[in-house]
Amino acid sequence: MLSFIGRRLLSLVPVVWGIATLVFILMYVVPGDPARLMAGQNAAQETLDILRHRMGLDRPLLERYGMFLSNLARGDLGYSYRQRRPVSRVIFERFPATLELALASIVIALIFGVSAGILAARMQGSALDYGVMILSLLGISTPVFWLGLMLIVVFSVWLGVLPVGGYGEGWNLRYLILPAVSLSAISTGYFARISRSSFLEVMRADYVMAARARGIPEHRIISRHILRNAAIPLVTVVGTNLAGLLGGAVATETVFAWPGIGRAIYDAILVRDLPVVEGGVIFLAFIFVTANLAIDLLYALIDPRIRLPGYQGAGGEQ
Amino acid sequence: MRGPRKYSFNLCLGLVLAAVLAVSSLGARFFAPYDPYAVDITRVMEPPSVTHPFGTDYLGRDILSRVIFGGRISLAVGILAVLIAGLIGTALGAFAGYAGGWMDEILMRFTDIVLAFPTALLALAVMAIFENPTVTKIFLVLGLVGWANIARLVRAEVMAIKERDYVTAARSIGVGPFGIVLRHILPNTLGTLSVALTLGVAGNILTEAWLSFLGLGAQPPVPSWGAMITEGQFFLTTRPWVCIFPGLAILLTVLGFNMLGDGIRDALDPRLKRRI
Chain U
3 MLSFIGRRLL SLVPVVWGIA TLVFILMYVV PGDPARLMAG QNAAQETLDI LRHRMGLDRP
63 LLERYGMFLS NLARGDLGYS YRQRRPVSRV IFERFPATLE LALASIVIAL IFGVSAGILA
123 ARMQGSALDY GVMILSLLGI STPVFWLGLM LIVVFSVWLG VLPVGGYGEG WNLRYLILPA
183 VSLSAISTGY FARISRSSFL EVMRADYVMA ARARGIPEHR IISRHILRNA AIPLVTVVGT
243 NLAGLLGGAV ATETVFAWPG IGRAIYDAIL VRDLPVVEGG VIFLAFIFVT ANLAIDLLYA
303 LIDPRIRLPG YQGAGGEQ
Chain C
7 MRGPRKYSFN LCLGLVLAAV LAVSSLGARF FAPYDPYAVD ITRVMEPPSV THPFGTDYLG
67 RDILSRVIFG GRISLAVGIL AVLIAGLIGT ALGAFAGYAG GWMDEILMRF TDIVLAFPTA
127 LLALAVMAIF ENPTVTKIFL VLGLVGWANI ARLVRAEVMA IKERDYVTAA RSIGVGPFGI
187 VLRHILPNTL GTLSVALTLG VAGNILTEAW LSFLGLGAQP PVPSWGAMIT EGQFFLTTRP
247 WVCIFPGLAI LLTVLGFNML GDGIRDALDP RLKRRI
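Protein chains in written order, with my numbering: chain U, 3 to 320; chain C, 7 to 282.
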């Protein structure tokens, strides 16, 4: 198990390094002159020179790349042109709201997606099964920002039961409901599909039949034999869905004026505050990568086969 | 058997939705009742009516016409991006799978790194640096970031197929590696590939709409569905139709390509059909 964790941690390094390098190229090589972006179009030449020197722009590219990487390793994501403070502080301030929204969405998606998927599998071929399948396809095809706007129209404008947006005072769940539900649409659809098909597959496995033959009660078969095995593909999908969830959060937070990193990225796009955009993206990408690492480890806990070095993936005919 | 009927339903509805989009996009000039750019300040924000079935927007432009023309952008971005990703992914995957050895090792390590990136966020990071984002840049960016899963898929297929007897036979009569890969192996991966590409179109259309909604895609007055929703959201509470119709268009289009991809997969893989 330890060597498995070690291997997975090591595999993280090239990914994070790759993301960082790409962002460095995007921020410091492509856009021409960051100093002019920061100082504005009408800045005097002296101001530009001072800024360039302070930002290290007069150094060779490789040296700047080294500085960028070592800054990043210490959690320094650069300096916001507009807010005049470190990007890391902006992110630190905004992260709790994004985390809250993302967790709420995953919980909603797991509860509704998995139970719909299991219901559909138990009643395969029924009208309910078709209903779940069509709804889940609709879910994975939904533009989440649009769904958010539609929920606002129905629940805030027509029914007037939930707030249009914002975060509210203190910890107010009423403000969380609409953003979390709209953001969860795509994940709910995926979870329903994957739990239905893996439930169906496991239900027909030999060991489930053997358990039935031994006369073990149905609820015990489901909880002890089916759920645990059917959970394995689901765990992977939770990880891959996180990318869509974090991306979707940028749009959802924008629609609902939710004070998270996504909204910060959007506001920064509007005023071309590149360090905040790129720093926010690096941070979200980092969250995605580490969450997937955690999921891989969880995966290995559920399914001991995965810890073996040569193991190629679950499923398939044994 | 209930199974087969359902899958043909997926395939059929998917085909119909994709065909409707294709026909209305290609014949946009013919089908759109108005010029999508024509401003009419005497008819601003009109609700849906007989003359304007989807209503008008804040400049009095006909929303139906803009939705029809917007389909062109979505379809073009979806297909072109998938073609770029498909070409890169197929070339890399076929090469890695056929060559094997250290080449395969290096290429697949690289592919795994790219796969670990959250693609949409990567596209956002790239689009944000352009002073003037355009539709062309979107499909280039989406194509260049989206090839990794296709490379993985093609590699696995190529590795399985290259051991078949007919490939050995072709090699023994002196067909070179290029001939074998192009003539004998790749045609047999087309089935799997078509599923991935169709689902890729759906994903790209959704990402394009998302980027345009964030202001990182088609710029006004270009009638991109995502940008139309951005313009409409300021009048959401009183004039919801400005947002409703472009969003429905995105939903139905993406649904269509997802159904089509699912349908093709089930049609190609009878084993899966029997089991699920």
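No wet-lab data here; the hints were simulated from the structure.
Treat the hints with care, as some may be off.
Over 12 Å on every C-beta distance to chain U, these chain C residues come out as not near it, computed from the model [what the hints assert, rightly or not]:
(1) Ile85
(2) Tyr172
(3) Pro246
Per label pair, the in silico range of CB-to-CB distance [to be verified]:
(4) C/Gly106 - U/Ala296: 48 to 54 Å
(5) U/Arg206 - C/Ala28: 38 to 44 Å
(6) C/Thr140 - U/Val273: 17 to 23 Å
(7) U/Gly8 - C/Leu32: 51 to 57 Å
(8) C/Ala166 - U/Ala75: 37 to 43 Å
Beta carbons are placed, not taken as given, at the ideal position from N, Cα and C, and that holds for glycine.
Looking at C/Ile85 again, its CB stays over 12 Å from all of chain U? At roughly 17 Å from the nearest Cβ of chain U, C/Ile85 sits farther out than 12 Å, so the non-interface label holds.
Starting from the range 51 to 57 Å, see whether the pair U/Gly8 and C/Leu32 falls in it by beta-carbon distance. holds, 55 Å
Confirm or reject the statement that C/Tyr172 sits farther than 12 Å, beta carbon to beta carbon, from all of chain U. holds, 24 Å
Is it true that the C-beta distance of C/Thr140 to U/Val273 lies inside 17 to 23 Å, as the hint says? holds, 20 Å
Given as non-interface: C/Pro246, partner chain U, CB spacing beyond 12 Å: Incorrect as stated: the minimum Cβ-Cβ distance to chain U is 5 Å, not above 12 Å.
Is the distance from the Cβ of C/Gly106 to the Cβ of U/Ala296 consistent with 48 to 54 Å? violated, 33 Å
Beta-carbon spacing of U/Arg206 to C/Ala28 - inside the hinted bounds 38 to 44 Å or not: holds, 40 Å
Do C/Ala166 and U/Ala75 keep their Cβ atoms within the hinted range of 37 to 43 Å? holds, 42 Å
Comparing the model with each earlier hint shows violations of hints 3 and 4; every other hint is respected.
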